[in-house]
Amino acid sequence: EPEVTQTPSHQVTQMGQEVILRCVPISNHLYFYWYRQILGQKVEFLVSFYNNEISEKSEIFDDQFSVERPDGSNFTLKIRSTKLEDSAMYFCASSVSRDFSNEQFFGPGTRLTVL
Amino acid sequence: AQKVTQAQTEISVVEKEDVTLDCVYETRDTTYYLFWYKQPPSGELVFLIRRNSFDEQNEISGRYSWNFQKSTSSFNFTITASQVVDSAVYFCALSENNNQGGKLIFGQGTELSVKP
Chain A
828 EPEVTQTPSH
838 QVTQMGQEVI
848 LRCVPISNHL
858 YFYWYRQILG
868 QKVEFLVSFY
878 NNEISEKSEI
888 FDDQFSVERP
898 DGSNFTLKIR
908 STKLEDSAMY
918 FCASSVSRDF
928 SNEQFFGPGT
938 RLTVL
Chain B
1396 AQKVTQAQTE
1406 ISVVEKEDVT
1416 LDCVYETRDT
1426 TYYLFWYKQP
1436 PSGELVFLIR
1446 RNSFDEQNEI
1456 SGRYSWNFQK
1466 STSSFNFTIT
1476 ASQVVDSAVY
1486 FCALSENNNQ
1496 GGKLIFGQGT
1506 ELSVKP
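Those protein sequences? They're chains A and B, same order as listed. For reference, each letter of the first sequence is one residue, going 828 to 942 in the numbering used here. For reference, each letter of the second sequence is one residue, going 1396 to 1511 in the numbering used here.
Do not rely on the hints blindly, as some may be mistaken.
[Unchecked claim] Short, incomplete list of chain A residues facing chain B, as computed with Cβ under 8 angstroms:
| hint | residue |
| --- | --- |
| 1 | Y860 |
| 2 | Q891 |
| 3 | F892 |
| 4 | G899 |
| 5 | M916 |
| 6 | F918 |
[Stated by the list, open to error] From chain A, some residues computed to sit far from chain B (all C-beta separations above 12 angstroms):
| hint | residue |
| --- | --- |
| 7 | E830 |
| 8 | Q833 |
| 9 | T840 |
| 10 | E871 |
| 11 | L873 |
| 12 | K884 |
| 13 | E895 |
| 14 | R896 |
| 15 | S900 |
| 16 | E912 |
| 17 | P935 |
| 18 | R938 |
| 19 | V941 |
Don't read these hints as lab results, they were simulated from the structure. Source: prediction; values computed, not measured. Yeah, the Cβ is synthetic: ideal placement off N, Cα and C, and Gly gets one too.
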């Protein structure tokens, strides 16, 4: 069964460093998302991406964040200068279309720890 | 404003007990979808069910059942004869028709602990 994959599973970085989290969505999916979950809290929407541009972003997704689909398979989230409060689990998701009824398939997550 | 509330932070039951997880939502949209996801200790998010705002029929899938009541804006989830493997955090989520990209708005989650 096709699945969303994410690498790395755990990333440890120093405050102020740049990190890139990688995701490979399901191959025939066209809509991509990033969510984050601070430990013990709810899952929060960061950004949605379609046709090589951002469709929607939340207040969390400030200038420190960017997303990119550098090739036909990868979807990346970059944090330019990490802060302690960026420590969280980051989930990538994909769906077949932008239809709000569509199930989003989630990857296993990348745990980011900022020291 | 859209919002999902799961008032139960933690629930602990003994195996074979039935348990209901509550979910209350707020939306101004007349067309929307509700979802339940399971997050086991391993951390991934597993899709359980999707329900649209026009379909209030209850659904049963094995030991799982869902009760959608538009009048009370609730979409509750019941596990019958709970098992230890049901121990997880369960999230209710909302997706509205009027948003641009189908983002999911999650509740705070309910941590279910099923003891043997």
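Taking the hints in turn, this is what the structure says about them:
At its closest, the beta carbon of A/Y860 sits 7 angstroms from a beta carbon of chain B; the interface hint therefore holds under the 8 angstroms criterion. The restraint placing A/Q891 at the interface with chain B is violated, with a minimum CB-CB distance near 20 angstroms, outside the 8 angstroms limit. The beta carbon of A/F892 is not positioned within 8 angstroms of any beta carbon in chain B (closest approach about 15 angstroms), and the interface hint is therefore violated. Contact between A/G899 and chain B, as hinted, is not supported at the beta carbon level, the nearest pair being about 20 angstroms apart and thus beyond 8 angstroms.
Residue-level restraint check for A/M916 holds (minimum Cβ-Cβ distance to chain B is 7 angstroms; threshold 8 angstroms). A hinted interface residue such as A/F918 counts as satisfied when its beta carbon comes closer than 8 angstroms to some beta carbon of chain B; here the least separation is about 6 angstroms, so the hint holds. Not every C-beta of chain B lies more than 12 angstroms from that of A/E830, the closest at about 10 angstroms, which undercuts listing it as non-interface. At roughly 10 angstroms from the closest C-beta of chain B, the C-beta of A/Q833 falls inside 12 angstroms, breaking its exclusion from the interface.
Every CB of chain B is more than 12 angstroms from the CB of A/T840 (nearest about 19 angstroms), matching its label as outside the interface. For A/E871, the condition that its CB be more than 12 angstroms from all CB atoms of chain B is violated, with the nearest at approximately 7 angstroms. A beta-carbon of chain B comes within 12 angstroms of the beta-carbon of A/L873; the shortest separation is about 9 angstroms. Listed as outside the interface, A/K884 is inconsistent with that label: its C-beta sits roughly 9 angstroms from the nearest C-beta of chain B, within the 12 angstroms cut-off.
The Cβ of A/E895 sits about 17 angstroms from the closest Cβ of chain B, beyond the 12 angstroms cut-off, so the non-interface label holds. Every C-beta of chain B lies more than 12 angstroms from that of A/R896, the closest at about 15 angstroms, which supports listing it as non-interface. Its beta-carbon lying about 20 angstroms from the closest one in chain B, A/S900 satisfies the requirement of being farther than 12 angstroms from that chain. With a minimum CB-CB distance of about 18 angstroms to chain B, A/E912 clears the 12 angstroms threshold, and the non-interface call stands.
With a least CB separation of 5 angstroms from chain B, A/P935 falls inside the 12 angstroms interface cut-off, contrary to its annotation. Separation of A/R938 from chain B is inadequate, the least Cβ-Cβ distance of about 8 angstroms not exceeding the 12 angstroms criterion. Every Cβ of chain B is farther than 12 angstroms from the Cβ of A/V941; the closest lies at roughly 18 angstroms, confirming the non-interface assignment.
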